[in-house]
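Protein sequences, first through last, are from chains A and B. Going letter by letter, the first sequence gives residues 10 to 688 in the numbering used here. Going letter by letter, the second sequence gives residues 5 to 327 in the numbering used here.
Any given hint could turn out to be false.
As the list claims (entries may be wrong) - Computed list of lysine-lysine pairs in DSS-like fashion (alpha-carbon distance at most 27 Å, straight line): (1) B:166 - B:213; (2) A:516 - A:557; (3) A:557 - A:501; (4) A:501 - B:220; (5) B:288 - A:90; (6) B:252 - A:90; (7) A:596 - A:646; (8) A:545 - A:501; (9) A:591 - A:516.
Everything labelled a hint here was simulated from the structure, so no lab data went into it.
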Amino acid sequence: MSKIIYLLLALTYTALANSFTGATNDIDPPFTRTEQRQNCENYSPLRRPLFGDLHVHTAYSFDSYVSSQRNTPWDAYRFAKGEAITLSNEEGEQQLKAQLQRPLDFTAVTDHSEFLGQINICTTDSSKLGYWWPYCIATRSDNFYISLLAADYWVNLGVAGTSKEKERSFICSINDCEQADRQFWQNIQQAAEDHYDRSSACEFTTFVGYEYTDAPNFNNLHRNVIFRNENVTELPISTYDTGTQNFPKLWRLLREQCIDGDQSCDVMSIPHNPNLSGGLMFPDPANKEEAENRLFFEPVVELTQHKAASECRFDRLAGRGVGTEDELCDFEQAVADNLSMLGTVFGEVMTDDAAPVSVDQFGRRNMMRNVLKDGLKLQKETGINPFKSGFIGSTDTHSAAPGSAEEDNYVGHLGRRDAGYRNIQDHFFDNPGGHAVVWAEENSRDSIFAAIRRKETYATSGTRPVVRFFGGWDLPENLCSSENPIEQAYQKGVPMGGDLPSSSANKPPAFLVSAMKDPGSPGHPGTDLQRIQIIKGWVDAGGNTLEKVFDVAGNPDNGASVDANSCAPVGSGYTNLCTVWKDQEFKGEENAFYYVRVLENPSCRWTTLQCQAAGVNPLSDQCETQATRANELADQKGAIGNVYDKCCLDPEEQPFYSPIIQERAWTSPIWYQPVTSGK
Amino acid sequence: MSKLKLLSRLRSSPTLHFLFIGALLHLGYSQWFYEKPVEIIQISSAEIAEATTQWAKTTGRLPDASQQQRIIEQLSNTEILYRQALANNYDLLPVVRRRLLNLAEFLELAPEDADDETRYRAATEAGLVQRDGMIRQYLVSAMREQYLNALAPQNIPEEDIKNYFQENMDLYMRPAKAKISHVYFGGLDQASYQRATTARETLQTENLKPETAIEKGDPFYGSYHLSNQIERQIAAQLGGNVARAALKLPLQSWSQPIESPYGYHLIWIEKRSEASEPPLVEVKADITSRIRREKRDAAFEKLMANIRGNYQIDLERKAADQI
Chain A
10 MSKIIYLLLA LTYTALANSF TGATNDIDPP FTRTEQRQNC ENYSPLRRPL FGDLHVHTAY
70 SFDSYVSSQR NTPWDAYRFA KGEAITLSNE EGEQQLKAQL QRPLDFTAVT DHSEFLGQIN
130 ICTTDSSKLG YWWPYCIATR SDNFYISLLA ADYWVNLGVA GTSKEKERSF ICSINDCEQA
190 DRQFWQNIQQ AAEDHYDRSS ACEFTTFVGY EYTDAPNFNN LHRNVIFRNE NVTELPISTY
250 DTGTQNFPKL WRLLREQCID GDQSCDVMSI PHNPNLSGGL MFPDPANKEE AENRLFFEPV
310 VELTQHKAAS ECRFDRLAGR GVGTEDELCD FEQAVADNLS MLGTVFGEVM TDDAAPVSVD
370 QFGRRNMMRN VLKDGLKLQK ETGINPFKSG FIGSTDTHSA APGSAEEDNY VGHLGRRDAG
430 YRNIQDHFFD NPGGHAVVWA EENSRDSIFA AIRRKETYAT SGTRPVVRFF GGWDLPENLC
490 SSENPIEQAY QKGVPMGGDL PSSSANKPPA FLVSAMKDPG SPGHPGTDLQ RIQIIKGWVD
550 AGGNTLEKVF DVAGNPDNGA SVDANSCAPV GSGYTNLCTV WKDQEFKGEE NAFYYVRVLE
610 NPSCRWTTLQ CQAAGVNPLS DQCETQATRA NELADQKGAI GNVYDKCCLD PEEQPFYSPI
670 IQERAWTSPI WYQPVTSGK
Chain B
5 MSKLKLLSRL RSSPTLHFLF IGALLHLGYS QWFYEKPVEI IQISSAEIAE ATTQWAKTTG
65 RLPDASQQQR IIEQLSNTEI LYRQALANNY DLLPVVRRRL LNLAEFLELA PEDADDETRY
125 RAATEAGLVQ RDGMIRQYLV SAMREQYLNA LAPQNIPEED IKNYFQENMD LYMRPAKAKI
185 SHVYFGGLDQ ASYQRATTAR ETLQTENLKP ETAIEKGDPF YGSYHLSNQI ERQIAAQLGG
245 NVARAALKLP LQSWSQPIES PYGYHLIWIE KRSEASEPPL VEVKADITSR IRREKRDAAF
305 EKLMANIRGN YQIDLERKAA DQI
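Hey, can you work out the whole structure from these sequences and the hints?
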């Protein structure tokens with residue numbers, strides 16, 4: 010008997026010691042290990058937040074190269090790990106030094122699959138015949154106008170067209186595009202391998218990926234395809250394989266060539282910018298297979314990035330939103346609803362297609378809150394909710410600068426096209442992008458991929474607050490003051506991205522939400538938190554989709570602001586917030602989702618900081634005088650057009666823009682469905 | 005005639021002497037004094053200018069003298085590899101044949117109904133092996149690949165791996181790590197600091213360990229325990245001050261209150277490992293690959309330098325003056 014007791018004690022001690030020390034040799038993690046690597050020494054059973062960027066372009070992408078960007082996938086990974094790289098200035102000279110204030114934990118380089126081989130031929134080897142083809146010469150040109158012509162050529166050739174069969178460049182008639190494709194694809198894999206930390210330190214993770222780039226009539230239907238490990242498809246599947254406006258075929262081909270083709274191959278595709286999709290990103294699924302493929306391949310959406318945010322939309326001037334009355338939905342919006350919004354040169358919009366779209370004309374499903382609501386409705390009608398998307402952020406940098414979402418360290422994301430003064434002049438309404446944040450046990454591919462699959466993720470608009478969100482039927486009200494709130498939350502509830510288990514007891518669900526401010530870095534302190542909100546969406550008995558925003562912690566009227574001259578914070582907020590909130594309006598028969606939005610105190614937008622650095626203060630009543638002077642100086646240096654006029658835009662005359670913003674985070678939703686409501 | 009008489013006649017014949025000495029001279033000359041004609045490689049100033057421009061575009065600056073020399077060497081190497089490939093019949097490679105057939109069809113070098121052999125012959129007779137840029141690239145790549153494969157060392161001695169590891173330790177060094185716990189006091193005011201200071205006295209007096217000490221502080225919604233984390237990882241969760249303290253303060257005792265963006269923390273450092281060398285086994289594959297690549301590339305450079313010695317590189321006058 011004493012031997013049995015001794016054995017039990019020894020086993021208990023070992024289990025406790027291992028859970029405390031993070032030793033992984035004996036731990037069976039809750040995710041499948043699909044690759045060869047050392048076990049991570051800093052395994053965290055309760056998971057920790059990892060910050061990354063899953064949308065990055067290098068000189069392998071046509072639109073990056075024509076913008077005088079010359080950094081390769083290797084350089085992008087070095088940047089993500091905290092090293093400096095060189096970027097183009099506004100004249101196309103490789104002179105700007107860029108470096109993150111804080112490195113990332115993970116990154117994927119996602120160059121465009123379309124034209125990979127063609128850009129290889131055009132840019133790397135002068136002994137190739139195609140290298141000397143006129144559009145290749147234009148692609149390499151340092152002349153700003155010629156490079157714009159080249160960009161226009163590539164976009165019209167294989168991105169924005171609407172024909173089912175995409176046309177290949179003439180280069181492929183005189184050179185072997187497939188071989189060139191293969192070479193660049195292998196380089197992308199090699200760069201990811203070279204920078205992936207497979208040691209027990211687990212300091213940095215890379216993923217092999219690419220961007221599937223479909224944009225019929227400039228309606229954005231792009232997806233970033235991310236592979237779980239080094240087992241990938243032979244070549245990236247592009248719109249040349251699927252045709253345009255046919256992303257379900259992308260999923261079918263990924264299933265054939267990866268999921269079903271190789272047992273150790275796994276992959277997901279992450280859509281981005283539904284705000285620019287002209288309403289086409291989330292159509293009702295054509296059939297059950299399409300619904301199931303979307304649910305499997307697209308667990309999350311990139312909610313925010315350089316080309317604006319897609320949570321929800323509220324037009325201040327119109328006084329109403331797209332399916333919402335939430336006034337905080339004016340955050341980082343593009344006025345247009347398609348990719349033509351990128352075509353601004355010397356301060357002038359170059360195409361009518363980039364004209365502002367009114368609230369009434371704006372596609373409902375361009376905004377994810379509406380998509381989530383419509384998903385609940387489809388669930389009621391068909392038994393399947395095809396739109397159960399979690400949230401991440403990223404940058405979509407075309408400057409090979411992943412994680413460059415720091416408002417006070419923003420070097421632009423489009424090479425020379427938004428370098429220096431051009432950022433203010435031509436890309437004033439763009440923003441630095443955000444972060445993908447995952448709650449994972451360790452910094453490894455399997456752990457992070459599994460976290461994204463189960464949607465235990467959140468998006469930030471560029472800062473690094475730490476946010477937890479759980480839902481359950483039995484979460485105690487005093488959970489925030491208990492000594493192990495997170496452990497209890499995992500035991501008694503589901504984390505963000507999860508589904509509340511069905512319950513026959515007619516009681517409201519409880520939600521634990523905690524947020525800690527961004528700890529900042531030396532010289533760059535984080536901003537205090539203002540409040541936490543929970544957004545609920547549901548379908549009522551009449552089949553109507555509804556939403557409501559609840560303030561659950563913090564204080565919206567704390568009076569915090571910024572100093573008009575220095576942008577220093579004025580007033581204070583919260584270093585952390587925690588609450589357990591119960592939905593007292595809950596009705597057991599109604600499908601619903603809940604997600605968290607955390608708001609920081611006000612801070613200056615990047616445009617305010619850069620305008621002020623040029624001597625033009627958007628917050629001053631002398632702004633226009635200052636802008637005139639600054640324009641003259643810029644003119645003397647060779648700028649064309651009025652560079653700094655936009656600095657003085659009056660936010661009261663703008664539907665969305667504001668010189669002062671509130672950075673934020675959005676968690677993946679937690680879903681509830683009544684017992685009889687299907688999948 | 006007897007043998008003696010024959011020998012006597014040979015010894016005394018001037019004609020035979022002449023022939024014999026001449027044969028010796030010819031043999032000696034061809035072995036020791038004859039110079040084979042040198043192959044010439046001509047590089048035009050336009051080629052140099054183009055290569056230099058490409059280099060400048062990639063690097064963002066103009067090459068200095070040694071870099072410019074290197075650019076010219078690369079141009080020479082490309083030409084040499086091309087000629088070597090031709091000399092080794094690499095123009096018979098399937099990929100080259102396919103290219104010639106495609107070109108023959110595209111350029112209509114043969115009748116429409118011609119068979120492959122006819123088209124192939126037409127393409128080679130048109131000099132496309134010499135004139136087509138893509139074929140040239142195939143040949144250069146194939147020859148380079150052949151050399152690199154032959155020169156890549158198969159086995160890297162253990163000694164070399166160990167030496168490389170020691171000489172490049174800064175690449176592989178593992179940063180210091182700590183396993184810490186903390187007791188948290190929310191708020192950045194004097195009252196919080198005082199609470200933390202008072203709590204510390206209690207923790208020390210009662211000799212409380214982290215598991216029970218945590219209750220003496222405020223709830224913290226991040227992690228109370230961070231295991232085996234480097235400074236950057238700790239800073240990402242608790243700020244820079246706590247991270248720096250974790251790598252400096254004494255072990256297994258409660259620290260004074262340390263300020264973070266969230267308030268004050270009493271830190272307990274359970275254990276700490278200093279910056280260390282990783283086990284060789286963890287980095288051996290990486291080192292082996294690097295050494296193999298370096299040796300292969302060095303051997304290739306040496307080979308090409310030797311081969312270049314057999315050629316005369318003629319730079320166009322204008323380009324030569326600028327070097």
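*Pair hint residue 557 (chain A) and residue 501 (chain A), alpha-carbon separation not exceeding 27 Å*: Given that 27 Å is the threshold and the Cα spacing comes to 26 Å, the pair holds.
_Need the status of pair residue 288 (chain B), residue 90 (chain A): alpha-carbon distance at most 27 Å?_
22 Å, holds
*asked:* With the threshold set at 27 Å, check whether the alpha-carbon distance from residue 516 (chain A) to residue 557 (chain A) stays at or below it.
replied: 19 Å, holds
*Given the proposed pairing of residue 596 (chain A) with residue 646 (chain A), does the C-alpha separation stay at or below 27 Å?*
64 Å, violated
*Can the restraint linking residue 166 (chain B) and residue 213 (chain B) be considered satisfied, given a maximum Cα separation of 27 Å?*
Violated, at roughly 43 Å.
*Could you grab the alpha-carbon distance between residue 501 (chain A) and residue 220 (chain B) and see if it respects the 27 Å cut-off?*
Holds: residue 501 (chain A) and residue 220 (chain B) sit about 25 Å apart, inside 27 Å.
*Under the criterion that the straight-line Cα-Cα distance not exceed 27 Å, is the pair residue 252 (chain B), residue 90 (chain A) satisfied?*
24 Å, holds
*Pair hint residue 545 (chain A) and residue 501 (chain A), alpha-carbon separation not exceeding 27 Å*: 21 Å, holds
_Holds or violated: residue 591 (chain A) and residue 516 (chain A), Cα atoms, limit 27 Å._
10 Å, holds
Violated hints, in rising order: 1 and 7; the structure is consistent with all others.
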